[in-house]
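These protein sequence lines are chains A and B, in that order.
Heads up: the first sequence is residues 1 to 495, going by the numbering used here.
Heads up: the second sequence is residues 1 to 337, going by the numbering used here.
I should point out that these hints are in silico values taken from the structure, not numbers from a laboratory.
Since the structure is predicted, the reported quantities are computational estimates derived from the model, not experimental observations.
Note that the Cβ used here is the ideal one computed from N, Cα and C, for glycine as well.
Fair warning: there could be bad hints in the mix.
Said to hold, decoys possible - Listed next, the in silico BS3-like pairs over lysine-lysine satisfying Cα-Cα at most 25 Å (straight line):
no., chain 1, residue 1, chain 2, residue 2
1, A, Lys73, B, Lys328
2, A, Lys49, A, Lys339
3, B, Lys328, A, Lys386
4, B, Lys328, A, Lys49
5, A, Lys269, A, Lys228
6, A, Lys73, A, Lys49
7, A, Lys250, A, Lys481
What the hints assert, rightly or not - Which bits of chain A does chain B cover? Going by a derived footprint, with three or more residues having C-beta under 8 Å, they are:
no., segment
8, 147-155
9, 317-331
10, 455-467
Stated by the list, open to error - Computed far set for chain B versus chain A, every beta-carbon distance over 12 Å:
no., residue
11, Pro29
12, Ile85
13, Gln110
14, Leu144
15, His208
16, Asn258
17, Thr261
18, Trp286
19, Leu302
20, Thr324
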Amino acid sequence: MSDVILEMSGICKRFGTTRALDQVHLTAHSHEVHALMGENGAGKSTLMKILSGIYQPDAGEIRLAGRPIRIAKPADARQAGINLIYQELAICANLSVAENIFMGTAPRGRFGGIDRPRMRRDAQRLLDRLGTRFGPNTPASRLSIADWQQVEIARALAHQSRILVMDEPTAALSDRESGRLFEVIDTLRDQGIAIIYISHRMEEVSRLADRITVLRDGCLAGNLTRAKNSPQLLIGMMVGRALNHFYPPKRQDGFGQVMLDVQGFCSDKIESASLRVRAGEILGLAGLVGAGRTELARLIFGADNRLRGRLRIDGTDVDIRSPRDAIRHGIGYLPEDRKRQGLFLHLSATANIAMNVLHEHARAGMLDRAALRTLTRQAVTRLAIKARSGESLVGGLSGGNQQKVLLARWLAIRPRVLILDEPTRGVDIGAKVEIYRIMHELAAQGVAIVCISSELPEIVGVCHRVVVLRDGRVAGELSGKEVGQEAIMNLATRH
Amino acid sequence: MPSLANDSRAAGAVPSPRMSALARLGMLPILIVLYLGFYLLTLYFSEDGNTHFLTLDNTLNILRQTSINLVLASGMTFVILTAGIDLSVGSILAVSAVLGMLTSLPDHNQALSLPVFVLSGLAMGLINGTMVAFLGINPFVVTLGTMTALRGAAYLLADGSAILNSDIPAFEWLGNGSLLGVPWLVWIAALVVTASWFILKRTVLGLHIYAVGGNPHAAYLTGIRVGLVLLFVYAINGLFAGLAGAMSASRLYGASGNWGTGYELDAIAAVVLGGTSLSGGIGSIWGTAVGALIIGVMNNGLTILGVSSFWQYVAIGVVIVLATILDKWRLKPSDGQ
Numbered sequence: 001m002s003d004v005i006l007e008m009s010g011i012c013k014r015f016g017t018t019r020a021l022d023q024v025h026l027t028a029h030s031h032e033v034h035a036l037m038g039e040n041g042a043g044k045s046t047l048m049k050i051l052s053g054i055y056q057p058d059a060g061e062i063r064l065a066g067r068p069i070r071i072a073k074p075a076d077a078r079q080a081g082i083n084l085i086y087q088e089l090a091i092c093a094n095l096s097v098a099e100n101i102f103m104g105t106a107p108r109g110r111f112g113g114i115d116r117p118r119m120r121r122d123a124q125r126l127l128d129r130l131g132t133r134f135g136p137n138t139p140a141s142r143l144s145i146a147d148w149q150q151v152e153i154a155r156a157l158a159h160q161s162r163i164l165v166m167d168e169p170t171a172a173l174s175d176r177e178s179g180r181l182f183e184v185i186d187t188l189r190d191q192g193i194a195i196i197y198i199s200h201r202m203e204e205v206s207r208l209a210d211r212i213t214v215l216r217d218g219c220l221a222g223n224l225t226r227a228k229n230s231p232q233l234l235i236g237m238m239v240g241r242a243l244n245h246f247y248p249p250k251r252q253d254g255f256g257q258v259m260l261d262v263q264g265f266c267s268d269k270i271e272s273a274s275l276r277v278r279a280g281e282i283l284g285l286a287g288l289v290g291a292g293r294t295e296l297a298r299l300i301f302g303a304d305n306r307l308r309g310r311l312r313i314d315g316t317d318v319d320i321r322s323p324r325d326a327i328r329h330g331i332g333y334l335p336e337d338r339k340r341q342g343l344f345l346h347l348s349a350t351a352n353i354a355m356n357v358l359h360e361h362a363r364a365g366m367l368d369r370a371a372l373r374t375l376t377r378q379a380v381t382r383l384a385i386k387a388r389s390g391e392s393l394v395g396g397l398s399g400g401n402q403q404k405v406l407l408a409r410w411l412a413i414r415p416r417v418l419i420l421d422e423p424t425r426g427v428d429i430g431a432k433v434e435i436y437r438i439m440h441e442l443a444a445q446g447v448a449i450v451c452i453s454s455e456l457p458e459i460v461g462v463c464h465r466v467v468v469l470r471d472g473r474v475a476g477e478l479s480g481k482e483v484g485q486e487a488i489m490n491l492a493t494r495h
Numbered sequence: 001m002p003s004l005a006n007d008s009r010a011a012g013a014v015p016s017p018r019m020s021a022l023a024r025l026g027m028l029p030i031l032i033v034l035y036l037g038f039y040l041l042t043l044y045f046s047e048d049g050n051t052h053f054l055t056l057d058n059t060l061n062i063l064r065q066t067s068i069n070l071v072l073a074s075g076m077t078f079v080i081l082t083a084g085i086d087l088s089v090g091s092i093l094a095v096s097a098v099l100g101m102l103t104s105l106p107d108h109n110q111a112l113s114l115p116v117f118v119l120s121g122l123a124m125g126l127i128n129g130t131m132v133a134f135l136g137i138n139p140f141v142v143t144l145g146t147m148t149a150l151r152g153a154a155y156l157l158a159d160g161s162a163i164l165n166s167d168i169p170a171f172e173w174l175g176n177g178s179l180l181g182v183p184w185l186v187w188i189a190a191l192v193v194t195a196s197w198f199i200l201k202r203t204v205l206g207l208h209i210y211a212v213g214g215n216p217h218a219a220y221l222t223g224i225r226v227g228l229v230l231l232f233v234y235a236i237n238g239l240f241a242g243l244a245g246a247m248s249a250s251r252l253y254g255a256s257g258n259w260g261t262g263y264e265l266d267a268i269a270a271v272v273l274g275g276t277s278l279s280g281g282i283g284s285i286w287g288t289a290v291g292a293l294i295i296g297v298m299n300n301g302l303t304i305l306g307v308s309s310f311w312q313y314v315a316i317g318v319v320i321v322l323a324t325i326l327d328k329w330r331l332k333p334s335d336g337q
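Produce the complete structure using the sequences and hints provided.
This is the structure:
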């Protein structure tokens, strides 16, 4: 049934003095899902950019169905039936589903105009193949991110895709949406398409992958088939060592007084939410995407306006109307989308780290550059940030290091309350472990931490207590031994 | 992803070793090539085998001719760094020049002229800034409006004619005097550039300007008062435009409603030539200075060569576009990244 459709062999690629890929092999079969794993910077993206014609390999060969081909530009890849779906989806929200699918390749009618009836028919046929619940005339603006992804898949199918590469497609999806996506992937596999699936998530890979290729530091770290796969083995291959203590041990007691006390918060998306966090405690905020986790966090932080509700920090009522007020009261908020909401990619690591405390490192408004350097040096040591220097631009750092820079910015305010929204999204395993370590360290120092996460194992592994949100309300609370993935899911989805 | 090359021009960036020395210099090589090119051209076309182009006199001349645009472009750099634009600086210059000249007339107190020039500019900048920062109106629209309205105001204040006064002891020095052999106009421009550099690179406010321009939402979540930062950039831009009004009024002993027409475009051209991104967050004041000098050198060189002013427009327009293309091509990393 499954034939080798793609062979990339002996692929090498250097950027200046950096070896990005060294003798990497990848074989994809039709009717199979091939997972490509590795830490950030391992070379997954570079390999896929070579496959899609964005980069040219320095050495190596690509064969498509046994015949060597040269992919000099992205159009060549599309021509060969190779399509990529990036994390950032290329959807125009102002256009309809059909227009998005046939963007640039719309069927032409007489006089060169677009043949709309045919475009709709063709789009409907593609959507049927995926089993979507929306039609070709739906405006893209009314669809969710998960639906957009399906539109992108339909577009790939419109290009007669034989090889479909998906780069961390579930990063922005809820569990339920991910489940839908997996069904679509199963369907495509049954239809004979070879799928290359890039992901960090073990559960997904075990659910989907027929074969797994692991890269580490630009080299092939190993190949596995479904039968031989185990998470421990994979983690070992990815980081080159076994991670015995993935989550640091939680302490069970010894929490301080109530540090953050949220009572009856209301907004247009939140209905009367209350929660308390003690000093030294890590509270998980769980729920499906859209349940109001981020919305509640932004209300506490003063980023959005609340209609009602009372906030106490360390036993005193505080009035917080803006992030500025929140920061003054010692509340930090690490946003979920670090590039859009957190980082200044064109500024240096130092500037990014110091942005909240510039006035403490300035005299009469003039920057004290020596003090800033000290601040950076301390942060770099404490968080094990890998940057060439404090002057390195944050845009050039890896995802994990960017996240640590952002975390350093919030540590610099010496927070009493720290809200972390998806603190490990898009960071590699090594950085994940570091971030968990820092969270526990902060908690041990008496910081009250709120951790929002879509990854249930993370919530269960890190948090002392969990508040589950559903449709903007608190659906329940779990503590101690009650904290478990199933219990959380039950609360998150109960009707 | 932002390209590596663009990054090097960001605030506080030390260029990576991988960046060529060329990339670090920005548009400076183009300025030098143009300067030497015009020297050779004027030499080649001169009748007696001599040229005045490279003399100290002519160099000071170039700097003096560039000074007003340099002051305007410095202010414009602040605004463009926040991803904004200010089309009204030419009109602000006119209003400021007319108001200052009116104050200089015999029945007024000429000592107040200089403050009037500068403070009227500041006031107009604050109007722009308030609308952009606190009413949330698009800067292009706001300043298109004030550009038109203030132009009308300048004509009205000047009563449709020119206000001439050759007896301006209070500020004659500004446009016509010199210090240590260098015109005051050049000193003022240099001072404005240096002060702008200092604010942008050495102060908390400067870093906030880059932050607001690079990522306004992140800036808000960092507790930066985004509105105040925006108000500041339009205010200082107005202030500099007022100063430029003083410079041109003093230089020409007069002002009229059509003063400074089109100056906003020269200022924007200098900023863009200098590598500042119109989408905000990337750029430097040194780039702007080089950009303004490129335009100045071309104007001067072409005039010496006897090229008609119509062709000068064409040439400068072509150079702006070509230099920017060259810059993009030159800074393009070898392979992606």
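Subject >> Stated coverage of the segment 455-467 of chain A by chain B [criterion: 3+ residues, CB within 8 Å] >> reply: violated (count 0)
Subject >> Reported absence of Asn258/B from the contact zone with chain A (all CB gaps over 12 Å) >> reply: Holds, since 39 Å exceeds 12 Å.
**OP:** Verify the proposed pairing of Lys328/B with Lys49/A, using a straight-line Cα cut of 25 Å.
**Re:** holds (22 Å)
Subject >> Cβ contact check, 8 Å cutoff: the segment 147-155 of chain A against chain B, three residues minimum >> reply: With 0 residues in contact (Cβ-Cβ under 8 Å with chain B), the coverage given for the segment 147-155 of chain A is violated.
**OP:** Starting from Lys73/A, check that the Cα of Lys49/A is at most 25 Å away, please.
**Re:** This hinted pair holds, its Cα atoms lying about 10 Å apart.
Original post:
Going straight from one Cα to the other, do Lys328/B and Lys386/A come out at no more than 25 Å?
Top reply: violated (29 Å)
Original post:
Given the hinted pair Lys73/A and Lys328/B, is their alpha-carbon gap at most 25 Å?
Top reply: holds (20 Å)
Original post:
Is the Cβ of Thr324/B more than 12 Å away from each Cβ in chain A?
Top reply: Label holds. Min Cβ-Cβ 19 Å, cutoff 12 Å.
Subject >> Distal placement of Leu144/B relative to chain A, Cβ over 12 Å >> reply: holds (25 Å)
Original post:
If you draw a straight line from the CA of Lys250/A to the CA of Lys481/A, is it 25 Å or shorter?
Top reply: holds (12 Å)
Original post:
Taking C-beta pairs only, is His208/B more than 12 Å away from all of chain A?
Top reply: The claim breaks: His208/B does not keep its Cβ more than 12 Å from every Cβ of chain A (closest is about 8 Å).
Original post:
Would you say Thr261/B is clear of chain A, with no C-beta pair closer than or equal to 12 Å?
Top reply: holds (34 Å)
When the structure is compared with the earlier hints, violations turn up for hints 3, 5, 8, 10 and 15 and for no others.
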